[in-house]
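Novice: Each chain, written out:
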Amino acid sequence: MGELRAHGLAVAVPRGWDARIRSRASEVDQPPGGLRRATAGERMDLPVLQAASFRLPAETGDFGSDAVERMGPEDVLVCVLEFDDADAGSPLYRRSGVPRLQAASFDPASMQRTIAGQCGTQAFFTAGGRAFCAYAVLGRARDIEPLVAKVNGLLQSVVIAARPVGAPGSAR
Amino acid sequence: MTAAVIGLAMVVALLAVLVVGLLRTHADILRSLHDLGVGEDALGTTGARPRPRGRSGPALPPPASGLRAGPHDLVGATPDGGVASVAIEGTVRSTLLAFLSTSCATCADFWRALGSDERRRVPGGDADVVIVTRDADEESPSAVARLAPTDVTTLMSSVAWDDYDVPGSPYFVLVHGQEGVIAEGTNTTWASVVELLERALADGGLLLQPAEGPSRREVLTGRRAVARSDRVIGGVDDPASDPAMTADG
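Quick note, the sequences are listed as chains A and B, same order. Quick note, the first sequence lines up with residues 5 to 176 if you use our numbering. Quick note, the second sequence lines up with residues 7 to 255 if you use our numbering.
Hint data in this document are derived by calculation from the structure and do not stem from the laboratory. A few of these clues could be false.
[Said to hold, decoys possible] Computed footprint of chain A on chain B, listed as stretches where at least three residues anywhere in the stretch have a Cβ under 8 Å from a Cβ of chain A:
(1) 81-90
(2) 116-123
(3) 155-169
[As the list claims (entries may be wrong)] With the C-beta cut set under 10 Å, the calculated list includes, among others, these residues of chain B facing chain A:
(4) V136
(5) P147
(6) A197
(7) E201
For glycine and all other residues, C-beta sits at the position ideal for the given N, C-alpha and C.
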């Protein structure tokens with residue numbers, strides 16, 4: 005379809021996919037991996053990129069709530085969420101660059117909310133001095149290699165720019 | 007006395023010249039409006055924006071496939087400062103594109119209706135609604151954000167207006183990812199747009215909700231045909247007679 009670019013993120017959107025890049029709410033949701041919450045008064049400008057092989061509803065949670073319910077067995081959902089710059093390079097985010105997800109890592113128990121027949125995974129990483137989590141959901145839990153290939157194809161197109169000095173984005 | 011008569015004659019002559027000039031200007035304006043397809047009947051009966059003649063007249067027959075326009079994907083800014091793309095082409099679903107403006111008075115009812123349960127009256131099965139305004143250089147993002155329903159995808163994309171050849175706002179396009187544009191047009195209220203969409207789909211044999219309305223056979227051959235408005239829904243025979251929906255196919 006083309007490229008979407010905003011908030012220092014860019015992604016090539018495959019034909020037939022919906023995608024969006026938006027700024028997250030000022031208070032960061034607790035991700036599945038367990039990170040601290042931003043405290044009141046902190047300045048946050050943390051984007052989330054969402055791409056789906058199906059129609060994304062207007063109101064979709066950071067980790068795909070209200071969207072995964074629409075998924076069919078051939079569908080995938082990919083979310084790339086940024087967290088506090090202070091976490092970049094920390095042990096949880098030690099992986100460098102946008103990851104390539106492994107089929108073996110997908111598990112029904114890894115989903116933000118378990119939905120029968122679906123599975124998901126997440127991977128934390130640092131890119132451009134920024135801390136991210138890549139979260140993916142597959143519409144089925146068996147014979148998932150073709151779906152994992154879709155996810156990785158999307159992730160490999162994600163480009164993350166280094167945050168300009170002084171730009172909002174850190175909760176420090 | 008003679009001087010006064012001559013003076014008055016000159017004044018009358020000057021006024022006559024001015025009146026003739028004004029009449030000519032008025033005629034030019036009316037001629038231009040007529041060329042744009044703005045007719046007194048259309049404006050008087052519905053208040054809706056009439057369709058430009060060039061878009062629906064007999065000089066523009068539909069393609070051989072019976073479809074007038076192919077589907078186009080949507081890409082644009084969102085009122086919250088992000089960007090989004092909505093796939094249309096190649097998908098297996100219908101989407102109602104609502105081309106609205108924050109400044110048009112007629113659009114107010116549509117912003118309201120699309121933010122309420124009335125949105126679910128969209129014919130065509132499980133069609134989603136996407137609101138499309140013009141870009142930020144023509145629309146205020148904050149005004150769009152204030153009017154945009156949170157549960158309806160809203161994009162700011164002048165390109166989409168061009169892709170779908172939108173003549174003005176409000177304007178509605180029901181597009182299917184594989185069949186292309188299946189109905190389009192405008193009217194003054196959401197209720198009338200829904201009614202005209204249903205009628206346009208029925209006339210095109212595309213009504214997808216038989217459980218909630220008459221059957222296609224009934225619509226095409228029976229009572230629904232009798233109840234059909236005198237206005238030309240197809241918009242081909244007399245585009246100036248109805249500014250509303252047209253169905254292709």
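Novice: For each hint, tell me whether it holds in the structure or not.
Specialist: Now for the hints, and whether the structure bears them out:
1. 81-90: Since 7 is at least three, the answer is holds.
2. 116-123: With 0 residues close enough to chain A, the hint is violated.
3. 155-169: Check passed, 6 qualifying residues.
4. V136: holds, 9 Å
5. P147: violated, 13 Å
6. A197: violated, 23 Å
7. E201: violated, 25 Å
Checked against the numbered hints given earlier, the structure breaks hints 2, 5, 6 and 7 and satisfies all the rest.
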